[in-house]
Every structure is written in structure tokens, then in C-alpha cells.
Amino acid sequence: MKIDVSKRKEGALLTVSGRLDAMTSMDFNQACENLLDEGCENIVVDLGALDYISSAGLRSLLVAGKRISADGGNLLLSRLTGMAREVFDISGFSSVFSVYDTVEAAFETLG
Amino acid sequence: MKHLDDSQYTWLREPAELDAVENCRVFVVGQPGFEALPGSKRFKLELALEEVLVNVVHYAYKDEKGWLELGVHTCPDQGTVCVRIKDGGHPFNPLLKEEPDLTLDIQDRQIGGLGIYLVKNMVDDLEYERRDNMNVATFCVTRDEQE
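Protein chains in written order, with numbering that gives the first Met the number 0: chain A, 0 to 110; chain B, 0 to 146.
Wrong hints could be hidden among the right ones.
So the derived list for chain A, only partly shown, Cβ under 8 Å to chain B, looks like this [claimed, not checked]: (1) D20; (2) A21; (3) M25; (4) S53; (5) S54; (6) A55; (7) L57; (8) R58; (9) K65; (10) M82; (11) I89; (12) G91; (13) V95; (14) Y99; (15) V102.
The calculated label-pair distances, taken between Cβ atoms and stated as ranges, are [to be verified]: (16) A:S16 x B:V25: 15 to 23 Å; (17) A:D70 x B:H2: 48 to 56 Å; (18) B:P14 x A:L109: 44 to 52 Å; (19) A:R66 x B:Q30: 37 to 45 Å; (20) B:E98 x A:E9: 36 to 44 Å; (21) B:D62 x A:K8: 43 to 51 Å; (22) B:P14 x A:D26: 17 to 25 Å; (23) A:S68 x B:D124: 37 to 45 Å; (24) B:P75 x A:E9: 29 to 37 Å; (25) A:N28 x B:E98: 23 to 31 Å.
Derived from the structure by calculation, the hints contain no laboratory data.
The C-beta atom is built at its ideal place from N, Cα and C for all residues, glycine as well.
Excised from the complex, chain A in its bound form (with noise of 0.2 Å):
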């Protein structure tokens, strides 16, 4: 998995590829933290060059959201495709989570 992180004014862009799994769920939840402590409020996650998720890797984005919620955040993700989406749907984190088809779409709800 690679993560990569840019900032704006309306918060933070996560772009992660490859494979969110039981391996790299934790430098997911690592990354959220360290942004979050650096005290951004929100965080848009593009998804849509992630080829692999699995529970662990739900599991990082419900702790990474219960979290950034609980500080009166968002986590919004984006650009949900192929066997994440399937993985989504068959879980219901399509409906736990604001899902967008681009990442412009994610940051025009928290302009």
C-alpha cells in the first residue's frame, strides 16, 4: 500500500493505493492520526487506485471515522470502484460512509 498526502484549506487528501489489508491497516490508521493531531478537522480519502480491501482495512476507516467524527470532523472517501465497492456494499459501509464519485465532489460538501 502507498499513501499519499496533500493538504487544503478545506482539509486533508489521502490518496491510497494498492492493498488495504491486515499488513498495512495500521499505517492507514497511522496516517489519520498524525493528521489529525496536526489538527486538520477533515479528511478526504481517494480510493480509487486501492486494488485490495479487506476487513482490517473496513476496520481502519470505522476507527479512522468514529474518530475524526468524534472531534467534529468528516471522513468522506471517494472514487470507490471495482472490488471496493463490491466489498461495500456486501459490509453496508457504503451507507456508514458519504461515498463520491471524484474527489472535487468530496470537497465541495465541506467548502
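Go by the hints and put chain B onto chain A.
Same frame as chain A, but now just chain B:
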């Protein structure tokens, strides 16, 4: 599946530790027959493999060291790959695992409990038996006729 004897599987033995999950994945995707599955089925098999293995690693042995064995049986003509996972830990039947409540919102949603649910929904067959003080879970995916 159950009619398949252990001798019809190709086996890998690993300590019940998180590193085993990746070693097992590499073992399975390297089997002749895995590539014959369409991409959608390969990912389902990989997902089920990870979920069952992570469950063994985290829960089968509590704080003791343990082992797991992974068997793979492929049938390229039928487009079927079966995986059998054995451990010597506490009895655990994934088929009896309570299903998570998928309707809860983010604050009430439980962390965990999803893995076995995903397995049940991803594979074409899932079987469990307790024999010789082992948990034996077997699951298969098969290429759809139109694929």
C-alpha cells in the same frame, strides 16, 4: 469439498502469526489453476483466505504460540480452487458466528465481526469440521459458466 481427502491438497505449514498471512497468499496465488480464475473470483478467494487466516492468528490460540496449515486444491478444467485451513486452537465454527448488524451508523457500528460475514458472502462453498482436535475450514470458488 469434504469428499476431498487432505492428500488431494498441496500443503504449507506456518506459525500462527501475522506474517503467515502474506506467505499463504503468495503460496495460493502461485498455484497452477489460480490464474485460470477470473479476476473477480481471484479477489474473492484472496479475501476469504485473509479473513480466515487472520481469525486463526488472532483468536485460535489466545496468548499461546500455535500453528496453521494451508492446503490448496485446484481443478483448472472446472475452474475451481479450494482452500483448506487447519489449526490446533480452541474450537471455532465460523458458520455459527453471529452476523453483524449492517444497519448501524458510524458511531454504533462495531469494530470487527465483519471478516467471517464477508467470507460467507464471497465464496461458493464454506464448510467447517472439528476433527482430531483441529478446526478445519474449507472453502471453494468456481468460475461462473459465462466467465
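Need the list of violated hint numbers for this structure, in ascending order. The structure breaks hints 3, 14, 15 and 24; every other hint is satisfied.
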